[in-house]
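Use the sequences and the hints to build the structure in full.
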Amino acid sequence: MQNILEIESLRKYYGKNNSQTKALDGITFQVMQGEFLGIMGSSGSGKSTLLNCIATVIRPTGGRIVMQGEEIQHLKGDMLAQYRGQTIGYLFQNFELLDNLTGRENILLPLSLHSVPEAESDRRLEKLASYLEVVDVLDKFPSQMSGGQKQRIAAARALILDPAMILADEPTGALDSKNAKALMEKMTGLNREQKATILMVTHDCNAASYCKRILFIQDGVIFHELRRDIPRESQQAFYERILKVIAQLGGGSANVL
Amino acid sequence: MFFKLVSRNSKRNRKENGLFFSSLLISIVAFYMIQSLSHQDVMIFLTKMESDAVGKLLLMIPLFYGLTLIILFFLIYFASKFQMERRRHEFGVYLMMGMRRSRLFLMLLAEDFRSSVTALLIGLPIAVLLSELVSLITARLVGLGIADHRFSISLTAIFMTAAGFLFLKLTAVLILSGKIARQEIGTLLVEAPEVGKKEKPLLFFFAGHIKKGKALQTFTFRQLEEQVIYRFNTLAISSLLMLAALCCFAAGVAMVQSHSGSEQHTLDYTFIDHSAEEVSRTLSEYNLETQFSEIMDIRVGLIRTEDGEYENTFQMESVMEALRAMPESEARDVLLNNFSYETAPYAIPLSEYNQICVLSKQPPIELKEAQAAVYIDPEFSSYERNHILNLILKKYPEVRIDGAIYHLINEVQTLRIVTDRSITLSFALIVPDDVFEELTGGEYSGYVNGVLNPDKIKGKSLLNAISEMNQKLDRTGLVYESYLQNMGRQLFYVVASSYITIYLAIIFLIIANTVIGVQFLMSQQKTGKRYQTLIQLGATYQTMCDSAGRQIGWYFGIPTVVAVISSIFGVRALFSGLLSPRTQGRIPSMLLVSLAMILLLGMVEYIYIKAVKKASNRNILKLMVPEREE
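Just so you know, the protein sequences line up as chains A and B, in that order. Residue numbering for the first sequence follows our numbering, beginning at 20 and increasing consecutively. Residue numbering for the second sequence follows our numbering, beginning at 8 and increasing consecutively.
Any given hint could turn out to be false.
Unchecked claim - Label-pair ranges, simulated between beta-carbon atoms: (1) A/Gly34 - B/Thr194: 27 to 37 Å; (2) A/Gln163 - B/Tyr613: 34 to 44 Å; (3) A/Glu139 - B/Thr125: 50 to 60 Å; (4) B/Leu628 - A/Lys41: 23 to 33 Å; (5) A/Gln163 - B/Ser14: 43 to 53 Å; (6) A/Gln163 - B/Gly25: 35 to 45 Å; (7) B/Leu136 - A/Gln163: 56 to 66 Å.
Unchecked claim - Which residues of chain B face chain A? A few of them, derived with a C-beta cut under 7 Å, are: (8) His414; (9) Ser474; (10) Ala546.
Claimed, not checked - For lysine-lysine, the following DSSO-like pairs were computed, each having C-alpha atoms within a straight-line distance of at most 27 Å: (11) B/Lys533 - B/Lys88; (12) B/Lys11 - B/Lys621; (13) A/Lys35 - B/Lys629; (14) B/Lys11 - A/Lys35; (15) A/Lys231 - A/Lys205; (16) A/Lys95 - A/Lys41; (17) B/Lys18 - B/Lys368; (18) B/Lys629 - A/Lys95; (19) A/Lys41 - B/Lys629; (20) B/Lys18 - B/Lys186; (21) A/Lys95 - B/Lys536; (22) B/Lys533 - B/Lys22; (23) A/Lys159 - B/Lys11; (24) B/Lys88 - B/Lys479; (25) B/Lys22 - A/Lys159; (26) B/Lys18 - B/Lys88; (27) B/Lys536 - B/Lys88; (28) B/Lys18 - B/Lys533; (29) A/Lys200 - A/Lys146; (30) B/Lys621 - A/Lys95; (31) B/Lys617 - B/Lys533; (32) B/Lys620 - A/Lys95.
Derived by calculation from the structure, the hints in this document are not laboratory data. As the structure is a computational prediction, the values presented were derived from the model and not from experiment. Just so you know, even glycine gets a beta-carbon here, dropped at the ideal spot from N, CA and C.
Next up, the structure:
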């Protein structure tokens with residue numbers, strides 16, 4: 020399997036000299052094609068900054084982000100828009116659906132941005148909608164949907180252009196446990212069946228237990244890494260391992276493992 | 008700290024809402040202009056000539072002032088409301104941090120006061136300069152000498168402008184900040200909830216008109232739908248205001264155009280109740296005879312029978328019959344009605360009328376025995392009526408004057424026979440001189456027309472020349488009426504109608520545009536999150552600007568197009584309602600002028616749309632800059 024994303028000593032500093040905050044302080048890791056990678060950390064650890072750097076929402080202070088062999092800091096204008104729209108699919112914590120567009124229109128929005136003929140994607144839309152179980156709400160406005168439906172519509176929107184990688188920022192953050200579970204199952208399914216590469220930031224241990232690998236970040240550096248031993252290790256066992264690391268994280272002690 | 012905050016905030020408000028701020032500036036200028044009307048050169052001149060009418064007009068100014076105050080209040084109220092809505096969150100934070108409500112209230116008042124004073128400081132000098140400029144231009148246009156122009160600042164106008172403006176702003180802000188300061192912190196901190204969405208979009212019919220195949224088509228359409236459906240009342244009001252502005256402006260300019268240059272000016276003076284000899288004698292007594300190039304008689308007398316009777320001296324059955332046979336038209340009916348009363352017309356001697364013809368550079372008319380020409384004062388004639396009448400006159404209709412048969416020949420004559428416009432003849436007959444003596448029995452009114460010697464008035468504007476001559480003539484005891492006085496009367500109508508209509512047009516247009524523009528930009532800022540999502544989905548700056556541009560185009564376009572179409576009918580209605588019958592005939596040409604003016608305002612609207620697009624592009628660019636979001 021090949022690397023799809025390479026992060027090399029990525030740094031992001033806020034502020035100047037004395038009052039400088041190091042949100043990311045030299046992070047290096049790779050994401051393989053078809054991987055389901057989780058990033059965990061307490062709030063302020065820099066996990067959202069990391070995701071935002073990859074999503075080109077913020078510009079890193081130093082280091083390299085290479086997506087499919089291309090360094091994304093150098094992207095500009097149309098190429099950047101292309102990257103945001105087609106190379107990555109972004110799943111927001113707050114869904115970020117346009118509330119004046121119906122579900123279908125929201126999902127098809129990226130198509131009109133990247134002038135993809137609609138007919139071609141209609142099949143994909145059908146497939147995604149039925150897989151994500153949102154066929155019923157396609158013609159409703161976001162205000163008429165439940166949180167879970169909104170997030171699944173958002174997921175369909177992120178997937179409609181078949182991006183190389185899905186970036187998910189706390190996708191279960193605004194969902195109740197039942198909806199969160201349903202969403203995570205769908206995401207695992209996408210990863211397993213359609214070989215979708217997913218990078219998910221979360222601090223929900225339950226959601227994280229669906230991942231194949233988890234990176235723990237603290238104070239801007241990678242602090243620990245967990246790999247689920249598939250298929251020998253059950254999800255429950257993996258979940259318990261995650262909990263242990265999280266407990267250590269809080270104390271910030273060095274004697275993990 | 009408090010004052011620092013106030014000054015920073017009001018500066019930021021000005022920057023973020025430049026469109027609203029510039030509208031305020033324009034309204035200050037308009038306020039001052041109407042208030043300082045009495046200081047305009049033309050008005051100072053008119054006060055000398057037509058003090059009564061000017062007095063009445065100036066009395067109406069407070070009324071307009073009041074009316075504008077009311078209209079502008081709504082503008083300021085709504086625009087300030089948008090501004091406040093946008094800062095709700097900020098207010099909530101102030102309160103959370105322990106700012107007392109009274110202090111927040113005071114802060115808002117102080118902020119507003121500061122920006123109002125800034126607006127006045129910038130606006131008033133512009134207003135004074137502009138009003139001087141308008142004064143000079145109008146004076147030049149009507150031919151008043153500008154040598155005696157004095158720079159004038161109307162202190163009352165400045166005071167009234169400042170007072171009115173501050174009053175409006177403070178009242179609006181008082182109400183709004185009162186409302187804001189009374190709200191719960193929680194409601195302030197939460198973004199104002201968006202209106203619930205309807206299941207079925209109502210505006211499918213124009214969905215198809217937004218160009219297919221463009222990126223973000225659905226998004227553009229939905230944005231527009233939201234704005235149009237939920238703000239339809241604002242749009243409707245704006246459209247009505249635009250309609251009013253277009254009508255006022257187009258009709259006003261066209262009327263000015265029709266008043267000015269409507270007539271040829273040949274005679275400078277008319278001396279009343281004198282003969283040419285008497286006038287010449289008096290003038291030479293005062294050494295003024297060289298000042299005039301022409302002194303000539305013009306007599307008018309009622310046709311009477313040999314017994315001195317006036318009644319039924321004249322019958323024109325054949326003309327009436329020919330008129331009745333004409334295809335039905337308004338002009339024909341007016342003529343039929345007017346002529347049915349013409350049983351005792353006036354007569355004018357041919358030679359004296361011909362002198363006027365020569366002065367006006369028109370061929371003199373010729374009459375043989377038992378022939379007469381029809382004279383109708385320009386006040387009573389119109390293009391259509393003259394046309395109808397000329398058709399009939401071509402056939403030399405037969406008429407009876409005191410029992411004798413005459414034939415009417417020539418076209419209708421309409422040259423002014425005196426300068427005094429209060430002397431008008433709705434129908435008269437031009438007859439050979441001997442016939443005139445015979446028909447009037449030697450009883451007539453004598454007027455003497457004078458034309459100033461062109462060599463003597465060289466280098467002076469005509470109006471100055473006449474003003475000087477008036478002073479000299481006042482000493483001679485001659486009763487006279489000058490072209491200037493009549494011109495003044497006419498000028499008054501022009502100035503009054505143009506000033507008021509154009510003033511109203513500007514006010515209406517400002518309000519309509521500001522309301523639409525500010526509302527659009529505010530809602531764009533409010534829905535900024537959507538644009539950010541689009542960026543995240545890979546929309547380029549260009550795509551979003553295109554989409555916003557199309558939204559603006561439609562958002563402005565709908566009310567504008569409706570207003571423009573309606574205004575064409577509105578102007579037509581205004582013309583037929585307001586114009587004197589004399590000018591009715593010129594409606595087609597005036598409509599053309601109005602159409603040009605409507606187009607001109609269309610251009611203004613276009614420029615405004617451009618400005619709003621620019622502002623919206625700036626908004627979008629701001630959203631493009633990556634931000635840290637936690």
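Verification of the hints:
no., hint, result
1, A/Gly34 - B/Thr194: 27 to 37 Å, "34 Å, holds"
2, A/Gln163 - B/Tyr613: 34 to 44 Å, "39 Å, holds"
3, A/Glu139 - B/Thr125: 50 to 60 Å, "56 Å, holds"
4, B/Leu628 - A/Lys41: 23 to 33 Å, "30 Å, holds"
5, A/Gln163 - B/Ser14: 43 to 53 Å, "46 Å, holds"
6, A/Gln163 - B/Gly25: 35 to 45 Å, "38 Å, holds"
7, B/Leu136 - A/Gln163: 56 to 66 Å, "57 Å, holds"
8, His414, "80 Å, violated"
9, Ser474, "68 Å, violated"
10, Ala546, "5 Å, holds"
11, B/Lys533 - B/Lys88, "13 Å, holds"
12, B/Lys11 - B/Lys621, "30 Å, violated"
13, A/Lys35 - B/Lys629, "23 Å, holds"
14, B/Lys11 - A/Lys35, "25 Å, holds"
15, A/Lys231 - A/Lys205, "15 Å, holds"
16, A/Lys95 - A/Lys41, "26 Å, holds"
17, B/Lys18 - B/Lys368, "65 Å, violated"
18, B/Lys629 - A/Lys95, "17 Å, holds"
19, A/Lys41 - B/Lys629, "25 Å, holds"
20, B/Lys18 - B/Lys186, "23 Å, holds"
21, A/Lys95 - B/Lys536, "22 Å, holds"
22, B/Lys533 - B/Lys22, "17 Å, holds"
23, A/Lys159 - B/Lys11, "48 Å, violated"
24, B/Lys88 - B/Lys479, "63 Å, violated"
25, B/Lys22 - A/Lys159, "39 Å, violated"
26, B/Lys18 - B/Lys88, "17 Å, holds"
27, B/Lys536 - B/Lys88, "21 Å, holds"
28, B/Lys18 - B/Lys533, "20 Å, holds"
29, A/Lys200 - A/Lys146, "21 Å, holds"
30, B/Lys621 - A/Lys95, "22 Å, holds"
31, B/Lys617 - B/Lys533, "21 Å, holds"
32, B/Lys620 - A/Lys95, "24 Å, holds"
Checked against the numbered hints above, the structure breaks hints 8, 9, 12, 17, 23, 24, 25 and satisfies the rest.
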